[in-house]
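Undergrad: First to last, the protein sequences are chains P and A. Heads up: the first sequence at position 370 corresponds to 370 in the working numbering, and the numbers run straight through without jumps. Heads up: the second sequence at position 115 corresponds to 115 in the working numbering, and the numbers run straight through without jumps.
What the hints contain is simulated information worked out from the structure, not anything from laboratory work. A couple of the hints might just be wrong.
Below, simulated DSS-like cross-link-like pairs (lysine-lysine); rule was C-alpha separation at most 25 angstroms, straight line [what the hints assert, rightly or not]:
1. A:Lys98 with P:Lys21
2. P:Lys29 with A:Lys88
3. P:Lys417 with A:Lys98
4. A:Lys19 with A:Lys146
5. A:Lys61 with P:Lys41
6. A:Lys30 with P:Lys21
7. A:Lys19 with P:Lys29
8. A:Lys217 with A:Lys61
9. A:Lys61 with P:Lys36
None of the values given here were measured: they were computed from a predicted structure.
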Amino acid sequence: MRIPFNEILLRTKQGPIIEEKTFDLSLFKKTQELQKRYDIKYNPENPVDISGELADRVYRAGVELFLDIGAYCTNTRRAVKVTERELLAEIDACPDAVELGQGDDRVKMVHRDVEGNQEAIVVAGIQTAPFSDEEMMYKIYKGCAMDRCIEGIWGGILLKIDGKYDVIAGAPSEIYQYRKTVEIMRRAINDAGRPGMITINNAPSSAATIAMFDEEAGLRKSDYMESTGMSELKVAYDDLNRSAYALAHGVSIHGTHSSTIGGFSANPEGATITAVAGSLQLITIHKAESFRCGTVDSRIKSRLSRNQLWAAGTAIQALNRNTRLIVDGSIGDHPGAGPGTKQYLYESAAGHIISTVMGGHSTEGTRKFVVGNTPNYGTPLESRWMGEVCKAAVGVDRKTADRIVKYLLSKYEDKLKDAPDGDTFEKLYDMETLEPLPHYQQLYGEVKAEFENQGLKFRG
Amino acid sequence: MEISKLPQEQQDLLKSLKKAIVAIDEDTAKKVAQDIVGNDIDPKIAIKYAIAGGAIAVGDKFDTGEYFLPHLVMAGDLMDEVGKILEKNIPAGQLEKKRLVVIGAVQGDMHSVGKNLVSTMLRSGGFEVHDMGVDVSSMAFIDRAKELNADMIALSSLLTTTMPYLKEVVEDLKAMGIRENFKIMIGGGPVTRDYAEEIGADGYGKDAIEAVDEAKKIFS
Chain P
1 MRIPFNEILL
11 RTKQGPIIEE
21 KTFDLSLFKK
31 TQELQKRYDI
41 KYNPENPVDI
51 SGELADRVYR
61 AGVELFLDIG
71 AYCTNTRRAV
81 KVTERELLAE
91 IDACPDAVEL
101 GQGDDRVKMV
111 HRDVEGNQEA
121 IVVAGIQTAP
131 FSDEEMMYKI
141 YKGCAMDRCI
151 EGIWGGILLK
161 IDGKYDVIAG
171 APSEIYQYRK
181 TVEIMRRAIN
191 DAGRPGMITI
201 NNAPSSAATI
211 AMFDEEAGLR
221 KSDYMESTGM
231 SELKVAYDDL
241 NRSAYALAHG
251 VSIHGTHSST
261 IGGFSANPEG
271 ATITAVAGSL
281 QLITIHKAES
291 FRCGTVDSRI
301 KSRLSRNQLW
311 AAGTAIQALN
321 RNTRLIVDGS
331 IGDHPGAGPG
341 TKQYLYESAA
351 GHIISTVMGG
361 HSTEGTRKFV
371 VGNTPNYGTP
381 LESRWMGEVC
391 KAAVGVDRKT
401 ADRIVKYLLS
411 KYEDKLKDAP
421 DGDTFEKLYD
431 METLEPLPHY
441 QQLYGEVKAE
451 FENQGLKFRG
Chain A
1 MEISKLPQEQ
11 QDLLKSLKKA
21 IVAIDEDTAK
31 KVAQDIVGND
41 IDPKIAIKYA
51 IAGGAIAVGD
61 KFDTGEYFLP
71 HLVMAGDLMD
81 EVGKILEKNI
91 PAGQLEKKRL
101 VVIGAVQGDM
111 HSVGKNLVST
121 MLRSGGFEVH
131 DMGVDVSSMA
141 FIDRAKELNA
151 DMIALSSLLT
161 TTMPYLKEVV
171 EDLKAMGIRE
181 NFKIMIGGGP
191 VTRDYAEEIG
201 ADGYGKDAIE
211 AVDEAKKIFS
């Protein structure tokens with residue numbers, strides 16, 4: 001049985017009061033202690049834990065961390081804790097399958113085993129990136145939606161309303177603008193012939209996120225509601241507002257949390273433990289039915305460095321070997337390099353191969369790590385790549401993944417701090433035919449052939 | 001800082017204090033600080049050599065990946081405690097006033113990691129830091145900066161849709177006729193130096209280390 005949401009809300013009011021800094025330092029001290037006690041060591045030579053024994057120890061450490069310090073509610077400055085019995089019952093009661101999308105586009109997202117053959121669900125699209133205008137946004141979404149290797153698309157944002165007014169988080173313009181983005185997404189998937197396709201978007205504020213839900217022209221009950229756990233092991237009422245809405249309206253909740261290398265988790269060993277604990281926070285406190293288990297490195301503007309691949313991949317494996325939960329990996333979502341470069345494709349593939357092989361889905365879209373204010377900084381081709389790689393990695397074993405990922409790291413890891421910016425949609429696509437320009441199509445083909453030579457079997 | 005002209009015993013104490021601070025060895029650092037006070041070593045020299053020098057060494061360890069955010073926080077706490085011990089013998093009027101920075105993530109922005117790093121590094125870098133946390137409204141920044149008579153407001157934005165608040169703080173200060181009272185430094189994932197210049201901020205830090213250098217440059 002799951003802990004009722006209202007019981008969780010009560011605990012945010014009745015848990016022990018603790019200074020935020022004290023909580024942060026307790027996370028650091030506990031993860032340091034756990035990594036010694038459970039003999040959790042990061043060996044850069046092995047970005048993939050092939051045996052799974054290490055992952056099992058990471059799982060036990062993650063459970064212990066969450067039970068020991070709980071999650072910190074930033075509104076009430078209290079720690080929210082659960083007992084071991086409650087946690088085990090929560091894990092047991094979580095679904096091992098959810099259905100998303102509608103009609104012919106409906107898909108079942110199930111628990112995936114490590115090296116499992118269960119289908120990896122892919123929600124691609126240029127996630128949370130700014131677009132110059134409605135027409136450009138429509139073209140890019142439609143291009144993404146036409147690719148049959150993905151099951152859904154993530155939305156972005158319009159920089160201006162009516163080409164004139166700034167869109168500002170927390171202001172009424174945010175509600176208006178985000179609502180507009182999902183209307184455009186719905187038009188794009190309809191015109192792409194995939195009206196039931198999953199569409200996702202998440203605004204900075206819960207008010208704007210909730211305002212996107214509308215069966216006729218916005219997000220639907222068949223899409224999911226994202227509820228984010230703040231880094232690290234923290235929760236704000238604004239995140240729980242999203243959970244409250246979803247629970248009241250029958251929308252599946254998808255949680256996200258990222259542990260932070262360089263943050264209070266400190267090293268990669270700490271981050272992999274906290275990534276497991278953060279996932280447990282998402283199911284118990286946010287009431288997630290599926291969740292993204294992730295790691296970031298606060299000092300690198302890419303999610304694909306070797307230490308992040310190891311930390312996130314090990315945590316995903318830990319959860320999938322020890323539970324029947326539905327885990328989203330999405331490690332490859334934010335490369336340091338920009339669109340139109342080989343490095344983008346290498347980085348993205350390294351993360352998505354590990355995610356998929358470790359039993360993760362990939363539903364968090366794709367885009368360059370830092371896009372800033374540059375509009376249209378992504379194309380449907382990166383979205384297709386994410387889909388093609390995830391599907392090709394289904395059923396691949398960890399040993400093969402380890403070999404391919406090491407090959408990929410040799411291609412890009414020394415270039416992460418000075419990654420190429422790449423180009424925007426306008427410079428990579430023909431604006432009339434909406435097809436990739438020959439040079440980008442050729443680059444894509446070359447990289448795909450390179451992967452085939454490495455033994456990855458693409459479906460189409 | 002050059003300490004070679006001091007007696008050997010005093011040099012050894014100062015080196016021990018710096019070493020203990022860099023190692024975040026609380027007990028040793030406090031004990032040596034008391035010994036320094038007991039040996040009548042000029043506290044200003046001790047602060048400059050052991051605390052300011054220690055802060056640089058801790059920053060270097062962060063830069064090379066040996067130390068992480070919690071180490072910076074703990075070292076910062078230790079430097080504060082050691083500073084209080086050493087400052088006991090400095091007459092109130094002779095205490096060097098630290099520049100005060102009010103810092104936070106702007107309204108609608110819940111990202112704290114980068115801001116925490118900058119906050120902690122500024123503290124280690126000799127600034128007094130008042131951290132307002134995340135999701136802070138423009139007027140709340142201004143009110144607090146006025147209340148504390150701050151020297152600088154440091155603003156973080158990780159989202160394209162929260163960047164307009166960076167400009168809003170600058171514009172609100174101008175509208176209130178108090179823009180010149182505070183320096184403004186901005187940073188965060190989507191923020192660039194060009195954007196800082198465009199909105200009329202005084203400085204920009206692309207990461208925590210650059211932010212400290214920038215803050216020092218602004219007040220030099």
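Undergrad: It remains to establish, for every hint, whether it holds in the given structure.
TA: Each hint tested on the structure:
no., hint, result
1, A:Lys98 with P:Lys21, "holds (23 angstroms)"
2, P:Lys29 with A:Lys88, "violated (32 angstroms)"
3, P:Lys417 with A:Lys98, "violated (34 angstroms)"
4, A:Lys19 with A:Lys146, "violated (38 angstroms)"
5, A:Lys61 with P:Lys41, "holds (21 angstroms)"
6, A:Lys30 with P:Lys21, "holds (21 angstroms)"
7, A:Lys19 with P:Lys29, "holds (22 angstroms)"
8, A:Lys217 with A:Lys61, "holds (22 angstroms)"
9, A:Lys61 with P:Lys36, "holds (22 angstroms)"
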